[in-house]
Amino acid sequence: MAGGSIKSSPLNPLVLCGSVGRRAIGFAGSLRAGLEHLGGMWRMFVWAIYYCTIGPLTGKSKLRGQLFPMMSNVGVKSFPIVFLIAALIGAILVLQTGDVLKKYGQINEAPGVVALSMTLELGPLMTAVILAARVGASFTAVLASMKINDELLALETMAIHPVGYLVAPRFLSMVIMVPCLTVMAYLVGMLGGSVVAFSNYDIPTSIYVLKTTFYLEMKHILSGLMKSEVFGVIIAIVCCYNGFITTGGPMGLGRSTMVAVVTSLVLIIVADAILTAVVINYIL
Amino acid sequence: MIEVDNVTKSFGDFVVLRGVTCQLRRGETMCVLGGSGGGKSTLLKIMIGAIRPTSGRVIIDGDDISRMPEAQLNKVRRKFGVMFQGGALLNSMTVGENIALPLHYHTKLDADTIGTMVKIKLQQVDLLHAEHRLPAELSGGMQKRAAVARALALDPKILFYDEPSAGLDPITTTRVDFLINKLRDRMRMSNVVVTHVMESVQRIADHIVMLDKGNVILDGTLADLMASEDPRISTFRTGEYAEGAEGITSTADYMKDLLM
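Protein chains in written order, with this note's numbering: chain A, 34 to 317; chain B, 453 to 712.
Please note: incorrect hints may appear among the correct ones.
Facing chain A, from chain B, some residues (calculated, C-beta under 7 Å) [to be verified]:
hint	residue
1	Gly471
2	Cys474
3	Ile500
4	Arg529
5	Pro622
It is worth saying that the hints were derived from the structure and are not from the lab. Glycine included, each C-beta is placed from N, C-alpha and C at the ideal position.
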């Protein structure tokens with residue numbers, strides 16, 4: 034009895050080795066699955082590029098009928114929420130930094146803080162976060178529902194490539210509309226900042242504009258747009274991919290949507306960190 | 453027309469099909485029968501090139517599709533149409549747009565001609581009035597007929613049907629069966645029908661392949677099916693059920709049957 038309990042004790046070297054081995058195998062399995070998903074996303078990215086560029090020329094994809102409704106969904110319908118969030122972020126930035134700047138007699142530099150923060154970081158990042166939640170989640174849910182209902186398989190049996198028909202217009206609309214929304218976020222953020230700067234710190238709008246143009250350079254705007262382009266690609270591919278690999282009915286649809294949004298957000302932040310390092314070291 | 457040659461399919465350690473061999477001849481309706489988990493849906497997916505067999509060959513009109521590259525397979529796919537169990541119509545499009553989709557992709561016809569062809573296809577399945585309706589606005593039987601119309605869009609030589617009677621009332625089932633016979637008789641189409649409804653089989657089958665646990669247990673005619681004394685076939689034919697007779701005796705067997 035006592036021997037049995039020693040044998041099954043977690044301190045027994047054999048039990049310990051078995052436990053470590055099982056965890057190592059589990060980790061290796063997870064790593065392999067993760068790499069397989071990365072490979073799958075990469076393949077989808079390559080196919081999407083093909084069906085957005087060469088596909089229409091060879092007649093293998095027909096984007097014309099789908100692209101504008103999709104761009105409207107991604108861009109026009111997202112604009113109100115981007116407007117609201119960007120305006121509030123600009124206002125909050127002035128409120129948060131205003132008192133400190135005022136203490137050091139630098140309140141007139143607040144427009145520069147807003148301009149650089151919005152263009153280099155917050156504009157692209159907040160726009161991407163909004164789009165991942167609003168548009169990315171809907172991409173995954175729609176494609177997952179189609180997968181569950183055999184609609185993707187039906188497309189394949191009609192010799193219509195599902196990536197060309199379903200992913201390419203979503204991918205292209207994100208690539209086009211995310212930078213457009215980001216530019217809107219820049220402008221609206223600065224507008225929100227100027228309202229608070231005027232109401233709380235008596236900075237006239239003319240001074241605000243002057244200071245903004247003094248600090249803001251084209252390289253700041255372009256650096257932010259480069260980020261937004263990468264974020265758009267990440268959202269499109271991650272969300273479409275998760276829709277395509279959905280299994281298991283409504284539960285699977287919910288799980289895929291959650292995984293797609295969380296993965297998009299994590300990858301956006303990782304890409305943001307890498308791109309910020311590149312921008313700081315090589316561009317600014 | 454279609455030759456399935458010694459096809460085996462495994463998912464990991466689980467073998468779904470074990471050396472299945474059968475043939476579909478031009479202008480005949482072949483019914484693939486079997487209980488749940490027998491492997492008939494897997495066989496259908498292999499025949500339409502949706503999944504690849506672990507071993508064996510599937511030859512459609514002389515082309516072995518089992519190892520064919522995707523681009524080449526797409527050319528073969530234009531020879532056949534598929535009606536999926538739930539119809540699998542694209543829900544965001546009207547019935548007419550669903551039927552026009554393959555025509556837009558694979559032909560250079562102008563919009564007017566495609567519109568006319570859509571009407572012809574809908575006429576063939578008696579759904580002309582439903583052209584502008586969304587799939588969600590149709591009944592189950594109408595969705596299946598609309599799916600047949602879409603499968604007919606490119607004038608295929610072969611039509612695959614996955615459980616065409618599933619979820620339908622007896623009258624609608626008869627109507628779908630009548631449609632299958634009409635397409636075979638008037639258009640010389642070859643049909644592969646996966647089903648487990650004996651009444652349908654009696655109405656439409658020229659050739660029957662019955663699967664049990666991945667093995668072919670019958671490859672013959674309706675008369676062979678009716679005359680067979682194999683208990684696996686006779687119980688399926690009559691629908692008789694004796695508790696424990698199908699091997700569902702343990703919890704593990706019961707779970708396996710449920711999960712299939």
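What hint numbers does the structure not satisfy? Hint check: 1, 2, 5 fail, others pass.
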